[in-house]
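Let the hints inform the model, and build the full structure from the sequences given.
2 protein chains.
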Amino acid sequence: MNPDIMRERQNATFDVEKLTNILDRGPEKTKRRREIESLILSDPDFQEEDPNFLSRSERYDQAVRKSAQMILKLREYGIADPEEIYCYKNIARGNHHEAMGLHFAMFLPTLYSQCDPQQSRKWLPLAESYQVVGTYAQTELGHGTHLRGLETTATYDPATQEFVLNSPTVSSIKWWPGGLGKTSNHAIVLAQLYTQGNCHGLHAFIVPIRDMNTHVPLPGIVVGDIGPKFGFNEVDNGFLKLENVRISRENMLMKYAKVEPDGTYVKPPSAKLTYGTMVFIRSMIVGESARALAKSCTIAIRYSAVRHQSEIRPGEPEPQILDYQTQQYKLFPLLAMAYAFTFVGQYMTQTYQRINEGINEGDFSELPELHALSAGLKAFTTWATNSAIEVCRMSCGGHGYSRSSALPDIYVDFTPTCTYEGENTVMMLQTARYLVKSYGQVKAGHQLSGIVSYLNEADHRSVQPQPVAARPTVVDINDLTSLVEVYKLRAAILVELAAKSIQQELQRRKSQEDAWNNSAIDLVRASDAHCHYVVVKLFTDKLGEIGDTAIHSVMSTMALLYALHGITKNSGDFLQAGLLSVPQVLQISGRIKELLSQLRPNAVALVDAFDIPDKKMNSVLGRYDGNVYENLFEWARRSPLNSTEVHESYHKYLKPLRSKL
Amino acid sequence: MNPDIMRERQNATFDVEKLTNILDRGPEKTKRRREIESLILSDPDFQEEDPNFLSRSERYDQAVRKSAQMILKLREYGIADPEEIYCYKNIARGNHHEAMGLHFAMFLPTLYSQCDPQQSRKWLPLAESYQVVGTYAQTELGHGTHLRGLETTATYDPATQEFVLNSPTVSSIKWWPGGLGKTSNHAIVLAQLYTQGNCHGLHAFIVPIRDMNTHVPLPGIVVGDIGPKFGFNEVDNGFLKLENVRISRENMLMKYAKVEPDGTYVKPPSAKLTYGTMVFIRSMIVGESARALAKSCTIAIRYSAVRHQSEIRPGEPEPQILDYQTQQYKLFPLLAMAYAFTFVGQYMTQTYQRINEGINEGDFSELPELHALSAGLKAFTTWATNSAIEVCRMSCGGHGYSRSSALPDIYVDFTPTCTYEGENTVMMLQTARYLVKSYGQVKAGHQLSGIVSYLNEADHRSVQPQPVAARPTVVDINDLTSLVEVYKLRAAILVELAAKSIQQELQRRKSQEDAWNNSAIDLVRASDAHCHYVVVKLFTDKLGEIGDTAIHSVMSTMALLYALHGITKNSGDFLQAGLLSVPQVLQISGRIKELLSQLRPNAVALVDAFDIPDKKMNSVLGRYDGNVYENLFEWARRSPLNSTEVHESYHKYLKPLRSKL
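These protein sequence lines map, in sequence, to chains F and X. Sequential numbering from 2 applies to the first sequence in this note's numbering. Sequential numbering from 2 applies to the second sequence in this note's numbering.
A few of these clues could be false.
Pairs count within a copy or across copies, as identical chains cannot be separated in the list.
Unchecked claim - With a straight-line cut-off of 30 angstroms between C-alpha atoms, the simulated DSSO-like cross-links for lysine-lysine are:
1) Lys501 <-> Lys570
2) Lys90 <-> Lys656
3) Lys123 <-> Lys656
4) Lys656 <-> Lys242
5) Lys511 <-> Lys444
6) Lys653 <-> Lys123
7) Lys594 <-> Lys570
8) Lys331 <-> Lys616
9) Lys268 <-> Lys123
10) Lys331 <-> Lys501
11) Lys511 <-> Lys331
12) Lys616 <-> Lys653
13) Lys32 <-> Lys74
14) Lys594 <-> Lys543
15) Lys90 <-> Lys616
16) Lys30 <-> Lys543
17) Lys331 <-> Lys570
18) Lys438 <-> Lys594
Hint data in this document are derived by calculation from the structure and do not stem from the laboratory.
Next comes the structure, spelled out in structure tokens:
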């Protein structure tokens, strides 16, 4: 082990294993997680080539092989619990994705939830035995967020009792579904349903796209890969153009809406039923943010502990770059954020489970709040993480740019979360809609409960931001409860500001819609402040659950750093609202420097606690043993460009060049 | 042409061609640029495959072929002016790099500047006829920024009149030089010179690394490619390990420092001589920021004009996404920034040329200021552009993630500028050193000139930030001169704050070095504010040169947006310093919304004025004709994964899987 990193570990003030247990939610869970991880780590079938050395086709090949292997091994080991399956796949896939990801994440769940009993009997055995491998085709070339804009049509023909599917325009070609290009032989296609001359909106249809035996595309099906992307290149995101494709009436998913043999359309009983999945996936993404950030911080902080550079004091040895205040200021707030998002992710999972139990018993009352919360937090955490990964990468200097650092892979793998499952700006606006609506309810005399209850106070507060002098300065910048309060007031004031902007626009005789659009900047800002408040609050709440004194102490420092750093980055908001005075903002800058120094001895231990195996990170810079340079050299020598001493281009171009001059 | 984008062009309020002429610095320059560009655009030898469809080895092959072609064609066309060569290569390389880039950018210039006459006679003909293809090997696996830390040794052996070169440790292996891995047969190696038992620091040596005929690595040379990176994958950045490699005494570059045959070391006359190149390259990078940003804005804004999504008013057709306030708020400030950086880049080039003429006549007086300015602006513009490219990419939704958008390529190609030629945080601290030193001179009673002259006022100002009430509120938020003043005061106050932080640390008995490190956050912040002031000032200055009324009007709006947006993003600084009042900050938010609406009709024309040919951008989303969807489909079908209907992985893994279950 590298002596620098060994010394770091000796200097930690807390028991790393105990913190890992807290993150896993119990020592038994840590134990079981490690058991599952060791199945992969010790399995020779998963000792594969670094995908960075492979062509796109080879990467895809590797991903399909891995998908097939995982299916067989999970059966062999008898792992069936969803959380354990996730854990197993999580290690196996490293920084990349499953070729058959959408079969599990969307195709099967949609069959489970939307097949009628007869359909279940037909399709589930086929899909569960991989005779049918499927994907979920919703997004089109010209249409994403706005579902009503989708153009694919499914027109019922009572003569043959079939639906005829078509992609009537170029912009209606299905685009993006994972596994659609090459892997799947079926797709659930979302299409506008036409029957008896009327359009009944979007419905889901099971469409066979490739021959189940030869895998050749079926007649009328134009299918393929959408080409290389920023990342996800092991996945065959695909296109699908439908040209008069006929499927049986029974291929429409009919648990809720139906089309009778004669073409009569039967409405679904409720529209809320598909709402839950979306909320679940967005809640999950909060946890994905935390994991991506934890990986990135682990790499950057371990590397910063072994990398020496420049000099602080002339003549002395080059210091570890982790000793530079600027490096600490880059990384420690992100480390605090990784912990914050981890706890928020746990909260979202638990809350989803609780509310979902209610939903299964017909209680939808808490769904709108969870929907608003998951939309905003999905945007808030993914945007923050997205920037943070790049800060981590660049904090590793040149070596961060090498694929061997894994940070480029982590980034390109993560960044789509800002766009998919609800584009972030759209998500922020959805949350804002809930906030403004809630604010309106308060103004109308209602009393709110839940996470927006702070808006109840709106009525009692002065509407205009006040100058500092007019507010009693009671904020204690070292007290988290006091800081939660400040974040809350900031959110309340920004919600109010956004609501007032809409009012002003309406007074200028703008329509409701234009007023909304002309206030969108303020609305996003209000949502952002709301989410920031929620994160600070949940991090603070979590401290109450931590019994171990040493861990409580270091986690409190992290929470304080997260809260104070957020204030300095948004100090205009707090000053503008009169929530903090100028001297307080200056004090906070000074306090942050102290917190950085306090955290310095625990930095490596705090990333060790995430307990991410080397194999999962696939990062030479982030290795647990800190032996970076010899392994970088080792890795580089395996680069395919080094398979020959003299590249053929020398003989083709360079040597002939001389004689042509 | 797409009707949406055609309508956008009809709505512009100014003459696009005239603005292009301003950007080119004259209509004749526009004409000549287009002539040179057309040489590439019409040349069948440059009609090549999209590199995104190639393997790394194929990409490298393509880049070498292109490099060789460019050499021949430039001779054929008789293009020899550096600016015209740049223009030609700029189009030819698209979003990628030249395989032999460092031969031209570093190897030849170093020979020109550091060979003695005898060396020039030997090496220049070889290098200019590509018998010798070279690179510049400075950075090592374990050492970057801090040159004194480099470990490679060159030990003089008077017995044979040779230097013996060694890489004594793993961390001393040369790492990163472009063209080192496969392309070059020589390298200028920076090594610690040892002679007569003493170390004389870093010197440059010409080291043959490959046989000039067979291209096979020479004895004692371990050379190869450092492996795949985030981008630059067409370039063979390499490693070089030297094992007792002997080179002749004459291979040390001896224009300045020398080693006599007996081993006597002769010092160079001045250390300032190598200073200029660094400053030149950093100044150039400011222009690179502008170009990368101009490309990204062109793509995002054109696409936002043809993409329709969701609805503002129910029942109406989906609007162009450029009509959403949030989209305008994302993109228009970046467009303003692209113009700002373009003008700053022009200023840097002109200033460099002016000061360089002085240097050639022995006048180094302005070099320190230019050094400080180029360091800070390099960091300021590259950081801002780096984030901006990603904002542009994500503003294109899912399609921005496709390689067909070119935005991933632009990002990975650009992002290393934050790290190379001086890591950005280090650069900001270098500028801060100059600012703090200048501030100290004012305090000692000196009068400053040049761009830091605003610090002269520091002595007269109250040191503590004042509450708003205590300042006369004279700022006119619609007057650029007034805003330049506000940015200037912000910079002055933050320089003062950083200087005071150092003072306080020293009073706590910290050493000068620890005081510096413990104030680094404040120092970076001061540099940032200084650079921001310079950019706002230069943009404002530029307006005075624009005669055309319509263009002056739209550029003034852009400059105002740039300045006001910068204030809202840093409103804490302005409020904290008492430079703006709370009502003013609120007014600014409102004013920004108005400016967005004002700019909306000119958005497409403003990116058209950058006049970037489609071939240079290689972006389906950014096409001049706006025909996005059909070309996306076209592009995808060419993806290598679509070369067979059924991928071999189906037969290898998916089909067999069924029988194993």
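Hint check results:
1. For the homomeric pair Lys501 and Lys570, the shortest alpha-carbon distances inside one copy (25 angstroms) and between copies (21 angstroms) are both at most 30 angstroms.
2. Only between protomers do Lys90 and Lys656 lie at most 30 angstroms apart by alpha-carbon distance; the minimum there is 21 angstroms, versus 49 angstroms within a single protomer.
3. Taking CA atoms no more than 30 angstroms apart as the test, Lys123 paired with Lys656 passes between copies only; the shortest distance there is 20 angstroms, against 65 angstroms inside one copy.
4. For a Cα distance limit of 30 angstroms, the shortest separation of Lys656 from Lys242 across copies, 25 angstroms, qualifies, whereas the shortest one inside one copy, 48 angstroms, does not.
5. In this homomeric assembly, Lys511 and Lys444 come within 30 angstroms of each other (Cα to Cα) only inside a single copy, at 21 angstroms, whereas the closest approach across copies is 56 angstroms.
6. When the C-alpha separation of Lys653 and Lys123 is checked against a cutoff of 30 angstroms, the pair qualifies only between copies, where the shortest distance is 27 angstroms, while the shortest distance within a copy is 59 angstroms.
7. Taking CA atoms no more than 30 angstroms apart as the test, Lys594 paired with Lys570 passes in both settings, with 14 angstroms inside one copy and 23 angstroms between copies.
8. Taking CA atoms no more than 30 angstroms apart as the test, Lys331 paired with Lys616 passes inside one copy only; the shortest distance there is 26 angstroms, against 38 angstroms between copies.
9. Only within a single protomer do Lys268 and Lys123 lie at most 30 angstroms apart by alpha-carbon distance; the minimum there is 23 angstroms, versus 87 angstroms between protomers.
10. In this homomeric assembly, Lys331 and Lys501 come within 30 angstroms of each other (Cα to Cα) only across copies, at 22 angstroms, whereas the closest approach inside a single copy is 36 angstroms.
11. Within a single copy, Lys511 and Lys331 get their C-alpha atoms only as close as 44 angstroms, which misses the 30 angstroms cut-off; across copies the closest is 23 angstroms, which meets it.
12. When the C-alpha separation of Lys616 and Lys653 is checked against a cutoff of 30 angstroms, the pair qualifies only between copies, where the shortest distance is 26 angstroms, while the shortest distance within a copy is 40 angstroms.
13. Proximity of Lys32 to Lys74 under the C-alpha cut-off of 30 angstroms is restricted to the intra-copy arrangement: shortest distance 20 angstroms within a copy versus 66 angstroms between copies.
14. Proximity of Lys594 and Lys543 under a CA criterion of 30 angstroms is satisfied intra-copy only: 24 angstroms inside one chain copy versus 40 angstroms between copies.
15. Taking identical chains as interchangeable, the C-alpha atoms of Lys90 and Lys616 lie at most 30 angstroms apart only when both belong to the same chain, with a minimum of 13 angstroms there against 42 angstroms between chains.
16. Taking identical chains as interchangeable, the C-alpha atoms of Lys30 and Lys543 lie at most 30 angstroms apart only when both belong to the same chain, with a minimum of 19 angstroms there against 64 angstroms between chains.
17. In this homomeric assembly, Lys331 and Lys570 come within 30 angstroms of each other (Cα to Cα) both inside a single copy, at 13 angstroms, and across copies, at 19 angstroms.
18. Only between protomers do Lys438 and Lys594 lie at most 30 angstroms apart by alpha-carbon distance; the minimum there is 23 angstroms, versus 40 angstroms within a single protomer.
Hint compliance for this structure: no hint is broken.
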